Each structure stands twice: as structure tokens, then as C-alpha cells.
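Undergrad: Take my numbering: the final residue in the sequence shown is number 190, and no numbers are missing along the way.
It is possible that some hints are incorrect.
To be verified - Derived DSS-like pairs (lysine-lysine); straight-line CA-CA distance at most 30 Å:
no., residue 1, residue 2
1, Lys-18, Lys-55
2, Lys-140, Lys-176
3, Lys-140, Lys-169
4, Lys-140, Lys-117
5, Lys-176, Lys-187
6, Lys-169, Lys-187
7, Lys-187, Lys-117
Unchecked claim - For each label pair, taking beta carbons as the anchor points, the in silico distance ranges come out as:
no., residue 1, residue 2, range
8, Tyr-26, Lys-169, 45 to 55 Å
9, Tyr-26, Asp-172, 19 to 29 Å
10, Phe-103, Ser-56, 30 to 40 Å
11, Gly-57, Ala-137, 57 to 67 Å
12, Val-79, Asp-59, 22 to 32 Å
Hint data in this document are derived by calculation from the structure and do not stem from the laboratory. Fair warning: this is a prediction, and the values are worked out from it, not measured in the lab. The beta carbon of each residue, even a glycine, is placed where N, CA and C say it ideally should be.
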Amino acid sequence: MRALADKTAPLLIKRYASRRLYNTETSDYVTLEDIATFIRDGREVQIIDLKSGDDLTRQYLLQIVAEHESRGENVLPLGVLTDLVRSYTTQAQSVVPEFLAMSFEMLRDGQSKMMENLANPMASMPGYDALQAQQKAFLKAMTGGMTNWSAPADEDGAAPEDDAKDLDAIRKQLADLQAQLAKLDK
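Please work from the sequences and hints to get the whole structure.
TA: Structure (C-alpha cells):
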């Protein structure tokens with residue numbers, strides 16, 4: 005498969021009368037597993053019947069879920085599947101889709117926050133901001149009067165533009181301090 009052109013627009017898949025699925029961006033046929041991969045990669049997909057123009061996306065997404073479940077990749081607990089079936093026969097069906105959408109949105113948000121915390125596990129600690137402010141104040145006090153000093157990161161967590169230059173500047177400042185200390189010892 006070739007690279008996808010515009011990842012913000014839904015990927016249009018056309019279903020032919022032969023039930024083959026055609027990717028309109030890459031001009032090739034795709035399988036359900038290919039479609040599942042597009043979705044896992046964050047791409048929205050729309051599947052349209054070429055002859056009737058009907059939107060078949062929901063039908064194919066359910067088929068992908070059913071195939072994964074039948075292969076033993078059980079994501080949906082039996083109780084959830086049972087409740088889904090019940091929701092089609094009760095008055096509660098108007099609440100279920102909204103509830104499921106909100107639940108998955110909360111799950112995505114939770115996963116995003118977890119990934120952010122994995123990048124900097126200290127950030128979720130109570131008092132982390134105060135500790136960071138104390139470290140900055142300490143560094144400022146310790147380096148007072150020195151020129152060309154730059155902290156390793158700004159408040160936004162941005163890295164210095166040129167680490168090698170910063171490291172050279174720190175080494176020079178350290179050498180200057182050592183020279184000043186040597187003069188004081190004499």
C-alpha cells in the first residue's frame with residue numbers, strides 16, 4: 005500500500021458489487037485488516053457502496069470487531085456484549101450510544117494523560133511545580149553574577165537550542181570559577 009495522502013480527511017473506501025473494497029487514495033484493493041490498521045493508525049475511514057451510495061462504515065466496523073473477537077482477541081467482556089444486545093430491545097437504546105461514546109472518550113483522555121506522565125513521571129507528583137521552582141531559584145542563586153548562563157530547560161520544558169554550546173559555556177564558567185577560587189587560596 006502506498007502512503008495515505010491527506011490524513012485529516014476520512015479515507016474513502018468504495019465497495020464494489022463483487023464486495024471488494026477499493027482504497028480511493030492509493031488506487032488499490034484493501035482488506036478488512038488493512039482498514040483496521042488505518043483506524044489503529046488514527047485515520048478516519050468511510051466505506052461507501054459504489055452502486056447505491058449507502059454508507060456501510062458501521063457495518064464494516066462491526067465486522068472488524070466481530071472478527072477480532074472470534075479470533076480470541078477479546079476486548080469486549082461478555083457482560084458488555086449482553087448489555088449491548090439488550091439495549092437494542094429496550095427504551096434505553098437512546099442513552100447507550102452516548103454513554104459508550106463518553107466512556108471511550110474518557111478512556112482516550114486517560115491514556116493520553118498516562119502517556120504524558122510516562123514521559124515525565126515526576127510531573128504527576130504533588131508539589132512537583134514547587135520543587136521545580138525551588139531548583140530554578142537555587143540555580144539562580146548559585147550562578148548569580150555569572151554571565152552567559154542558561155538553564156537546561158525553560159518553563160515550558162523546551163530543550164536548549166544548542167546543547168553543545170551550552171555545555172561549552174558551562175565548562176568555561178566552571179574553569180573561571182576554579183581560577184577565581186585558586187586566586188582566593190593564595
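Undergrad: When the structure is checked against the list of hints, which entries are broken? Sort them ascending.
TA: When the structure is compared with the hints, numbers 7 and 9 turn out to be violated.
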